[in-house]
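Required output: the full structure, derived from the provided sequences and hints.
Going line by line, the protein sequences match chains Y and V.
First residue of the first sequence: 1, per our numbering; consecutive thereafter.
First residue of the second sequence: 1001, per our numbering; consecutive thereafter.
Think of the hints as simulated: they come from the structure by calculation, not from any bench.
Note that the structure is predicted; figures quoted are calculated from it, not measured.
Taking lysine-lysine and the DSSO-like style, the derived pairs with C-alpha atoms no more than 30 Å apart in a straight line are: (1) V:LYS1157 to V:LYS1117; (2) Y:LYS102 to V:LYS1157; (3) Y:LYS135 to V:LYS1099; (4) V:LYS1134 to Y:LYS177; (5) V:LYS1062 to V:LYS1193; (6) V:LYS1099 to Y:LYS134; (7) Y:LYS194 to Y:LYS28; (8) Y:LYS116 to V:LYS1045; (9) V:LYS1185 to V:LYS1028; (10) V:LYS1185 to V:LYS1045; (11) Y:LYS135 to V:LYS1102; (12) V:LYS1116 to Y:LYS157; (13) Y:LYS102 to Y:LYS193; (14) Y:LYS116 to V:LYS1041.
Computed far set for chain Y versus chain V, every beta-carbon distance over 10 Å: (15) HIS13; (16) GLY170; (17) ASP180.
We put the CB at the ideal spot given by N, CA and C, even for glycine.
2 protein chains.
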Amino acid sequence: LEDYILVDIGNTHFHVLDKKIYSTKEIKSFKKRVFYISVNKEKEKLLLQKNPDAINLEPFIKIDTNYQGLGVDRKCAILAIDDGVVVDAGSAVTIDVVKNGKHLGGLIMPGIYSFKKAFCEISQVLDKDFTSLKKYPQNTSEAITAGSIGAIVCMIKSLGGESRVYLTGGDAELLSKYIDGEVVKNLVFEGMKKVIFNLKF
Amino acid sequence: LEDYILVDIGNTHFHVLDKKIYSTKEIKSFKKRVFYISVNKEKEKLLLQKNPDAINLEPFIKIDTNYQGLGVDRKCAILAIDDGVVVDAGSAVTIDVVKNGKHLGGLIMPGIYSFKKAFCEISQVLDKDFTSLKKYPQNTSEAITAGSIGAIVCMIKSLGGESRVYLTGGDAELLSKYIDGEVVKNLVFEGMKKVIFNLKF
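Here you go:
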């Protein structure tokens, strides 16, 4: 079982883990056993066309939660930790709280790119780069940074209090500039591995 | 000077105040003196085509602030109060803090409609109605409500602390269901009136 490939199909990208090497790429036929999870039916079809034997891990995932309709990628990231706040910053930003292995709940915000797009669509005046976080912003850049990244930070603190923060997803590095947290690029894959190790072959 | 019309041109709508009657409508030729402010050049042209004598109040507005590039509608709303937090929930949500007549700073978030659009564009799974605010959301509706309206509430508290909250703009009523605050539909117009009363004719 050593030689396998993990695929996490997101709304926007295929995330692939092959021998600890993480990549985001279009999908091909892999030579190894493929385990995957998916939140996107169309992209899942593409994977299965090229890898008909790929195994969907979703039915094997058990989470201690009262949350209805938790995305499978969130489930895996939650599985990877016992205590703390999981922030997955991709197309959306999801924030989930885990205490003693139990998932207490979580929320969904637009992703960083989504915020930027929203600002641009509202007015070209708001088409500015993000800058540093200020409590009392004094110009448009500071104002939109506070109103997007600042709002994400606000909700992380609101949900997680003083809990440890784990940042994953494409914008994890960016968010880590604004909040104390550990960037764990492979958090979802770590959860998928836990599921695989509990499978009976 | 009693018989005049106030027009606040936003990014999306013309807001008109005529004898204390507030309306949002397409613009026409008014019989009375028109005073206006505008954050949208194109819509401003339409107003001036039909009302060539309309007076732009922007040059006459003086605000005590260090903020660079404050939108004229925000300036007017700020002028209308001496202490508190002004939340203008329109295409964007702006949150501004005023203390003893001085503007301390403010931020800009996507408007409610913008959040909804962003969620729908990320995934059709997120195309849900808003519901009540929960600290630990337990389903998708609660998760996106917390991640948008909850984030707005979080930032209002972060900026304003215990200060009085004034809600204005098209989504003021909606927000008032989620936060203690006074809905003042005509806040921007109140500021415009203050400017007019200080004009020398």
